[in-house]
Amino acid sequence: MSHMIKHDVPDDNEIHIEKKFVPKDLDIDKDVSWAQINKDVLRSLDRPRPIFWVIFFAAMALFSFGVYCEKYQYDNGLGVADLNNPQVWGLYIATFIFWIGMGHSGTLLSALLHIIHADWRKPIYRYAEAMTTFSLLTAALFVLIHLGRVWQFYYVVAYPNERWVWPNFSSPLVWDATAIGTYLTSSLLFLYTGMVPDLAICRDNATGARKKLYTFMSLGWQGTDRQWATFRVTYMTLACFLMPLAVSVHSIVSTDFAVSQNPGWHITSFPPYFVAGALYSGCSVIITLFILLRYVFRFEAYMTMPILNKLIKMTFAIAMVWNYLNLIEYSTVWYGANEIAKQQLLDKMTGTYAPVFWGMVFCSTVMPFTLLIKFVRTHLPTLMVVSIILNFGMWLERIQIITPTFGHSQYPWTWTSGWWPSWVQFGIVAGSFGWFTMLFMLYCKIFPTISMYEVKEMVHDQSKMLKAKGVA
Amino acid sequence: MKSYLLALYNNMEEAGLVLDELNNTKLPGFSMKDVVIKSPIEHPELSEKLGKRPVYVQLFTLVGVLFGPITGLTLVASAQASFIYQIRGGRPVVPIPPDMVLTYEFFILSGVLMTVIGCFIGWKLPGNRSPLYNTRVSEDKIGILVKAEDTSIPVINEIFKKHHSLEILGEEKK
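So the protein lines, in turn, are chains A and B. So in our numbering, spot 269 of the first sequence is number 269, and the numbers just go up one at a time. Adding 1000 to a residue's 1-based position in the second sequence gives its number in our numbering.
Careful, some of the hints might be misleading.
What the hints assert, rightly or not - With a Cα cut of at most 20 Å, we get these calculated DMTMM-like pairs of lysine to aspartate or glutamate: (1) A:39 x B:1140; (2) A:39 x B:1139; (3) A:30 x B:1013.
It is worth saying that the hints were derived from the structure and are not from the lab.
Work the whole structure out from these sequences, hints included.
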């Protein structure tokens, strides 16, 4: 009865509470004009800070060194990479998994948060999507590089030929090729479709060759009601496809390992463990790029601290999920009946590979707890260092999945100790970081990194919400 | 002969009032079907005033999600079946569980491709572009494009002006 009275009669306290609402934690300034949003983002395409060119040319130099290493390996064979039995994959496949994983948070941030209407994603999802695309392009390179004979990559690609020779469709390697191809195609289309309204803005403000490019790519978009309605349905549908796809892609990558009988790999929790790891490393890179882009392109008004705070919280939550699954993996081996797997786990912790293992534990398990400290969350240089450490830890994690299993397999006569990758492997891995950074920076210079129309929507919705609460 | 008029507005409220008035005014050779809103962001509140305008993307998606897995499974299974005379050690020639993985990937790929194709067709892009456009629409203005008989154009022009349009662009249809 009292409950009914409370709703029928206006409650003074309730009104008082609503009026006390202070918008101190707004994700974005509600008073920023739409014209200003266009101006700020378009300016980033013309005049970034000089540091942009420093990063771009440094990345280019790194990439050139990687190309040199790859050519050297191509001319002299995989021996120069110190790849031989039993260590046949080395850093290449570890780094392949690392790059595949890095792309996952782009989809998470963009698709999942779009589906659940988390508006704070709007100023930052575009670069995360671009990161996904370039990560996949980088990952695909390692599949070719680790073969040595790069021209034989078509063994895993299904194409009709006169001898009716098809790849083995029951092999996870063929699943990999299909899954990565699907993910790359879908991510590119998702990125492009979501960018069309912004490309029209660029078209309306550009001249010369850029105008031609944007006119071609914006497909004549005019922002009509029918175009917007179609766009909304398309974008939501693509987001719904992208989420399960992202999960399936990294699950399939993990299946490469999990379906084998090798110690340390034959674990049923591998697919979710890989997906969590992928999201974790992707989120830390998103934080790194957030800080970088915010500074280089002067995006302080859009890449705001409240948004960064939400991103950090998400990263911490995913880090805890990953830690849990990591623990589950080791517990399964420890309490299982497979003595060889158990010995291999001990070797990981105390043997040749202990520095990699404990390095991973420090960087990926201990370091996320620093995110609970307010100073780390708010001091951008410190946060950037922490995010890079987290990501380095995830790279070590990929190495400690692969290398110990090859070095401490089922048969004692294959056991090796003291394996260390050659400079060629390190050079190619470093080159891949140069390649990624170069492509990413180039993208940021040509295409809008912040979704202008969605930031406008955000400002519009925020003003409406505040008006309804009687604050504005 | 029908002509086009495009009026620009500073805010959604004014644009909404124009649509209401256009809806209530009976003019020869004019219906709300001939009104198009152009805006920098989606305005569902304004679009509602235009009446129901269906979106057909979902149909393309449906075709995609049906076509993809069927084609994928057929491709994979028929490739495996081409080895039917080989000894498979007692295992099935066409193993269904592992084939489901690729069927799933084809399901997604085909769904995505058909959705995007449906979107481009729904946009009527590239090619069929609306005749009047102002670049301020991509910045912060809301445009209302109307197609009507020449005799009704002055009345519509008056409605636009009455609601403080920033600019009116007109073009006679050839």
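Consistency of the hints with the structure:
1. A:39 x B:1140: Within the cut-off at roughly 12 Å; holds.
2. A:39 x B:1139: 9 Å, holds
3. A:30 x B:1013: 19 Å, holds
Consistency with the previously given hints is maintained throughout, with no hint failing.
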